[in-house]
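Peer 1: Here is how the chains run, residue by residue.
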Amino acid sequence: MFYIHDIAAISPVHELFASSPENTNIISGNKLLAVEPVYAGIPPTVLRRMGKAVRMSVGAALHIIQKHPQLDGVIIGTANGGMEDSIKFMNQIVQYEEGLLTPGNFVQSTPNGLASQIAFMVKNKNYNNTHVHRGLSFENALLDVVMLLSEQPSASYLLGGADEISSYNYNIDWLAGWYKKEEVSAERLFNSSTNGTIAGEGAAMFLVNNTRTSATAKFTSLFTSHSTDEAEIQKKLEHFLEKHLPKGEQLDLVLSGENGDRRLLPFYEAMEATVGENAGLLRFKHLCGEYPTASSFALWLSCNILQTQTIPAVLEKRKARSTTFRNLLVYNSFQGHQHSFMLISAVE
Amino acid sequence: MGIISPIGASVEQNLMALRAGTCGISKGNFIQSKYSELLPFGEVKFSNESLEETLNAHEPGVTRTSLLTLHAFKDAVEDAGFSAGIIRSPDTAFIGADTVGGMCLTDEMYKDANLLSHGSAYLASYDFASVNMYIQSRFHLQGIVNTINTACSSSANAIMYGARLIQQGYATRAIVGGSDSLSKFTVNGFNSLNILSNEICKPFDEQRKGLNLGEGAAFLVLEKEEDVGSKKVYAELSGFCNKNDAYHPSSLSEVGEGPYLAMSGALKAASLSPSQIDFINAHGTGTENNDAVESAALLRVFEKVPAFASTKSNIGHTLGASGAIEAVYSVLNIVHQEMYPALHFQSPIPASSLIPNLSYERRKVQHVLSNSFGFGGNCTSLVFSKT
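Those protein sequence lines, which keep their order, are chains A and B. Position in the first sequence counted from 1, then plus 1, gives you our numbering. Position in the second sequence counted from 1, then plus 885, gives you our numbering.
Take every hint as true, because none was put in to throw you off.
Below 30 Å or equal to it, Euclidean Cα-Cα: the simulated BS3-like pairs (lysine-lysine) are:
| hint | chain 1 | residue 1 | chain 2 | residue 2 |
| --- | --- | --- | --- | --- |
| 1 | A | K89 | B | K912 |
| 2 | A | K237 | B | K959 |
| 3 | B | K959 | B | K912 |
| 4 | B | K996 | A | K89 |
| 5 | B | K1094 | A | K89 |
| 6 | A | K89 | B | K919 |
| 7 | A | K236 | A | K318 |
| 8 | B | K1094 | A | K126 |
The set of hints was computed from the structure by calculation and includes no laboratory data.
Isolated chain A, as found in the complex (with noise of 0.2 Å):
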């Protein structure tokens, strides 16, 4: 449906894909915290004034735009925008009884800071959206740039899915129940059978546009549910490949959003179900942790493996059985009742 061209991701992996591919960031607190880069291009002053969701997202877009800056919009899916920001202002509400503030805080955690910071950062006055619908805001910008590539067929967009830990929302999050009690370590994630999982954050960006020359992968398609059964989930997947799997081709790869949450094991084990034996299966929520726009990091992921025709091999699950990768499936769930299936292509 488009070619992804440039990518750039910032989250807790470091050089996943260099030398020492199984380098992570320590996770302290079931916390796994992004590893940002010196950002050389954003001024002091500013770089000052923004939260992390929008730094992160800003850095990693800075990046493609840096090769591409002729960009037909900006697309962002962030469920959270700046979260911090926005818990920092309402402890001030609260703390000096709705005495007199300063904005900065308030500015700083609307969501569409993100996508709107970007485009001010290179003037770019064209279509600017962003989606912030929890574990599908991810999916919904992508949506988007699917359908502006069909009306503008020779335009370019940035496409990307960004969001922060922060503390608050933790608390909140931990207090409904959704990361662990008990500390675990990244690499005894998936060995856990409590319930919950561990926060994660990142941002990642795509250059996408309708050229195959050069194209790092192909989107090939996308469907999204909102379901709290397993059994209609796997009707809706075995329906998903039946209509978009190429008659006569394999699926080689699979991606799957296990995130080590018990109660979330069944939808994935459904998924493992549904995709037989043949394809290799690969986890990575042990990298990024958990957030409601991971899918954006399995993206990004995909890209990676489907170009190099290298899997990492923390990642596998299962190895696959071909040595070459040509369609690759995510299957991502957002708290078991939001879910998401995106097909991927290899290039050549």
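Chain B: place on chain A using the hints.
Peer 2: What follows is chain B alone, placed relative to chain A:
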């Protein structure tokens, strides 16, 4: 269409109030804030308890934003005559927008976020998506569901996204709109920016002092022309355009580049020349910056600026709901071939000399342009036309 606003809990009540030039802005009765007595608000005139009762919405963790959404959503699907089966059909999309979500519960969220509680009933209700997830789960929606937040242009973008889903074949019908409720969070946020007026707002007036925050929700049902058959049709969504001002996080550029591009783009998409627009539902927040910039942009787009008004003089700025509420009002202009009076206006801004429409008038309204501009430079314009 379905709507709940400070001037009515139905399309009919809103219509009567617009015709009568009713202003729904007053002291706050329900908002929990020290400013409730000090500043004017466009408040929906029902308590949460009464909304819960009339809507039979007793699920735990339901917020005011969700209640307003449910009210307008229910009215919209009833007006369209949709059965429960059609509403949950996989080819029915639901696109909602909001900028407050469950943050209307500022104090509960403060306690939960700082671990000063054992977890309130609202843990899953604070984010923006919670509002639409509530509708999704209550009506068992199976089609595409999305939440958009581009600040004050959010629901204009929700309308645009829904229309595009239909154009591209991802949905046969789309229920689109937005909602927001008054919250301590936004009141203090806008107050810290010094853009709240302590008087009732006066859009496009020389002496304007800022905006009044409001609340509400509106949803519209969109279908393709060829699928309409003998069903009731109010108007055509004939054009839309989304652009960015790319200037400043919380104010618009003096020349109004974003507004200019959004308006001209929407006209182009509708294949209309500026002179064919009969009426403009302006963004017109009543702030120094917006009204000056929007006026400048109007003068750039239109050789002769058509009749215009900002219905924020009736209901205040309903943020994530405003694009959808104003879409409903634009459609009413077309359905009833009439224009409603702008309120509280005294003297024009000297630089632009633009005077909004000040009286109720029956006249030909073929095409209406509706503007929504937001923080982050997010500007979207929609065009509605008589069929």
